[in-house]
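Asker: As you go down the protein sequences, you meet chains F and C in turn. So in my numbering, spot 149 of the first sequence is number 1132, and the numbers just go up one at a time. So in my numbering, spot 255 of the second sequence is number 792, and the numbers just go up one at a time.
Derived by calculation from the structure, the hints in this document are not laboratory data. None of the values given here were measured: they were computed from a predicted structure. It is possible that part of the hints are untrue.
[Claimed, not checked] Quick list of simulated restraints, FRET-style, between CB atoms:
| # | chain 1 | residue 1 | chain 2 | residue 2 | range |
| --- | --- | --- | --- | --- | --- |
| 1 | F | H1187 | C | T732 | 30 to 36 Å |
| 2 | F | G1078 | C | G569 | 54 to 60 Å |
| 3 | C | V617 | F | W1036 | 51 to 57 Å |
| 4 | C | A644 | F | Q1217 | 50 to 56 Å |
| 5 | F | W1036 | C | E791 | 46 to 52 Å |
| 6 | C | A644 | F | R1049 | 46 to 52 Å |
| 7 | C | D648 | F | R1049 | 42 to 48 Å |
| 8 | C | P579 | F | R1200 | 43 to 49 Å |
| 9 | C | Q586 | F | P1159 | 56 to 62 Å |
| 10 | C | S763 | F | T1174 | 35 to 41 Å |
| 11 | C | R729 | F | P1221 | 28 to 34 Å |
| 12 | F | R1200 | C | P755 | 23 to 29 Å |
| 13 | F | S1203 | C | R729 | 19 to 25 Å |
Ideal Cβ placement from N, Cα and C applies to all residues, glycine included.
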Amino acid sequence: MRSVTWLAASALATSQLAGQSLASRVDAVRDGRVLMTFASRPGVCGDDRGSMWIQGSRKSWSTGDREFVCIRSPVRVAIGRADKQSVSVRTRVGGRWSAGQGDVDLGEVSPTDAAEYLLGLAHTVGGNSADDAVSAAAFADAGDQSPGFVRLIRDDDASMDGRKQALFWLGQSDYPTADLVRLRESLKSHTLREHYTFVLSQRHEDAAVDGLIDVARHDSDPEIRKQAMFWLGQMKEPKAIKFLQDILTR
Amino acid sequence: MRRTLPSLALLFAPFVSPAAQSLGERVAGSDGLTQVVFPSRPGVCGDGQSTIGNVLGRSNYYGGDVQFSGHGSWSDRPCVHGPARVVATVIGREVTRLRTYVGPVPAASADTRTITASASDASAWLSDIATRGTGRVASDAILPLVIADAPQPWPLLLRVARDDSRPRDVRRSALTWLANGVNDHLGIADTRDNTDEDEMRTQAVFVLSQRPKAESVPELIELARSSKHGSVRRSAIFWLGQTGDPRAVEVFAELLRQ
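Just chain C, same shape as in the assembly (with noise of 0.2 Å):
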């Protein structure tokens, strides 16, 4: 009898349940494109095939691989609360590339394999491409992070602009999602120019920023830190955002810890 367990385990070893499996190691088991459903945050909508809705704060719409804000023709596809959905293409066995979509699961194409997963799992998968991954495909990974049902992605995301070795584009991008992070934790995220003199001066903080880094930086941190106009400090943390700045990292998780 002895001798008989650890054959039977030999025997079953390749048949190991896939749920064992991680996420990662499942989707990258075969090549092509594989979609992962799963739960997204309350109140994040879309249409399932390209606008997301709700993000962060109410005007913000992402539309699969193409990024856009505010409103206009987008603004009219419908917005339904439903599950995430990431696509990935995997070519020999790495993904290099993922869409997101949020709302109604369309019937799954032929050559499409799907997995439905919980929003832990597919955030412990994103996180593990967002921290380790590649090329465009990195970036990607931090759309689906911010909309999973999950916990806040916002530690994450500080490691990785903090992450010298990181490739710049994906501590830019953890960048200007951490901006819209910290605007939607300090409930200014939607706030809006009401008035003329609004507009000017969500104007002026956009003219600063476009002034050169060694006076653009610290004035876009003092105003993150502490204008008393709303429209102001989310217009000055969105542009501290895009400067790529190092000094933005460290602002961006101050003002998160508040």
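So here's chain F without its partners, still in its complex pose (with noise of 0.2 Å):
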């Protein structure tokens, strides 16, 4: 019997960690670095020596002097912990991280968990941390993360980093060009706006030529009307050249 209850209250605990959220085994952590891994996209490549991207159809590139060769590896995480509080997020692919006395590694978590846990912190984290803990988000294997990534975008509290960084990736993921067209009409700032101009213009499609062109036409601000012009030179698309040299004839 006493065995039984034994069995019953180890079974208890065992689902009770399982249930246990991401964001609670974290915030669990007083001080010191938390650790996780999970599996990342397809595509996803890291160099070990910092850098993270996702494959085109190349297997490297380089810059200068330095070349990029990708290794397909899980997404890495550290995030850091102060007074119960998570002030820091790193994010890396491939390579290891050298593990201190105070860090606490939680292995292996679903990259879907991870995604959303991560997405809720860039809205409190700053700077680089909100925009690694997106870029961990947009890396993991773990589905459409749009939604995420809007709701970090319209949050007039979020570090800008980081709702950059997610206006970057919603705009690489499958979100409707439509859509993406109409976010413009929540978008305030004039870093936002600025940076929407070539976030739409990596959508070589009609829609977002026709939406670079309403900006260069009616944004408030001549700034982000002369960048939406730029990036409109830089498509290959006829009617964005068309509309540049009516312009010049008008």
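Can you join these two chains into the complex? Each is in its own frame, and there are hints to help.
Answerer: Spelled out as structure tokens, the structure:
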């Protein structure tokens, strides 16, 4: 009977651990680093030197004298904790952390849980940490993250770095171009609107060209209009070039 | 007596007046720093130490060996009309660097020789460097050529820009200055973007200039030749000069004839 009781208690503890949210596991750590690993989306690459990207058709690329060779690896995230608060996020693909004494390693976690948690965390951490949290979510093998990206983009209290990064990854996702065009209405910040012109220009679709032309014609800020014109000029769309030519002959 | 004259000539040969030497020979005559002071064009001004204003139009300013344009902290510097001063660095009897100033001539330091020259002598010397010099010094010679109170340097710069044997940087520099010269010649160097529409048009020219050359150069040529908007034309001429494309040289030659 006692052994049956022990077995029942043990099963309960395991199920509690499994049900314990990633957030609560992180929050349980007062100070130090919380490390986690999760599966990356197909195409995610690292180079063991801190660079991360999503692979296009090329296996490697270079800038200057540095060649970036894709090493496919899980995503690694280190969350810095201080006085029960998450104060920093660092993301890597490939390599391994040099674990310190105060580190708590959660091991491999669900990429879906990780992406959801990190996108939530991106609302409160600042600067590069927000940037890294969003990137980690974008790299996670976790399906569509666009609702989380949109929530972050619209959060005026979140850091600008995180919101810009969310806008970038939203543009890279399968989020419909028509919705991306409509998103402009909710972008109040100059920085976001400027970044938006680039993001939209990366969608080589008719609706994106029309959206950019609309920005170039009607945005209240001349600098944003100029930026939209610049990105129109970088597109290989005849309609974009015609728009620029028409400005010159009016 | 017949025998004496040649001997006297030989005797005096080493003491030929420095004025008889070309300015280039005099500058390169000894290593170190030599400043050549000569008249600048009317209107050109500077602080004598860094900034130069009113080179071609009102808003081009150049600081010593640093080029910049537009308005900003540099425009707070005094701009006084005065002579041009080119400080040449000579190493191994070769001019290796030129720095140009306009305005009050500061007291020369002990290690700097000063030569006062006519604008035409200075222009001849600088033309020689621009057409035959190697490296950066050939490009450096173009600014003082433009500001010397001498005949316009555009024919010379057209030759430099067309000369395949000249270094690419020198030809590009000549083309940039030719673009400024063309805008000045056409009276549009000071055309400003007065309206929102002007600003957008100028941006459109820049954007088109960033397209592949096969597309951008013909577009810029067309705008440079015939745009009805002064700001568009000015901007197209400027960006055409930045392309380094040989077609630009012929367009500039044509526009300078207008």
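Asker: The structure should be examined with respect to each hint, and the outcome stated for every one.
Answerer: Checked hints:
At roughly 32 Å, the beta-carbon separation of H1187/F and T732/C lies within the given 30 to 36 Å, and the hint holds. The hinted range of 54 to 60 Å is satisfied by G1078/F and G569/C, whose Cβ atoms lie roughly 56 Å apart. Distance hint check: the CB atoms of V617/C and W1036/F are about 55 Å apart, consistent with the given range 51 to 57 Å. Roughly 53 Å separates the CB atoms of A644/C and Q1217/F, a value that falls within the hinted 50 to 56 Å.
At roughly 48 Å, the beta carbons of W1036/F and E791/C sit within the given window of 46 to 52 Å. The beta-carbon spacing between A644/C and R1049/F, approximately 50 Å, falls within the hinted interval of 46 to 52 Å. The hinted range of 42 to 48 Å is satisfied by D648/C and R1049/F, whose Cβ atoms lie roughly 44 Å apart. Separated by about 45 Å at the C-beta atoms, P579/C and R1200/F satisfy the suggested range of 43 to 49 Å.
Taking 56 to 62 Å as the suggested C-beta distance range, the pair Q586/C and P1159/F conforms, at roughly 60 Å. For S763/C and T1174/F, the Cβ-Cβ distance of about 39 Å falls inside the hinted range of 35 to 41 Å, so the restraint holds. Checked against the hint of 28 to 34 Å, the C-beta distance between R729/C and P1221/F comes to roughly 32 Å, which is consistent with it. Between R1200/F and P755/C the Cβ separation comes to about 26 Å, which falls inside the hinted range of 23 to 29 Å.
Distance hint for S1203/F and R729/C: a CB-CB separation of about 22 Å, consistent with the stated range 19 to 25 Å.
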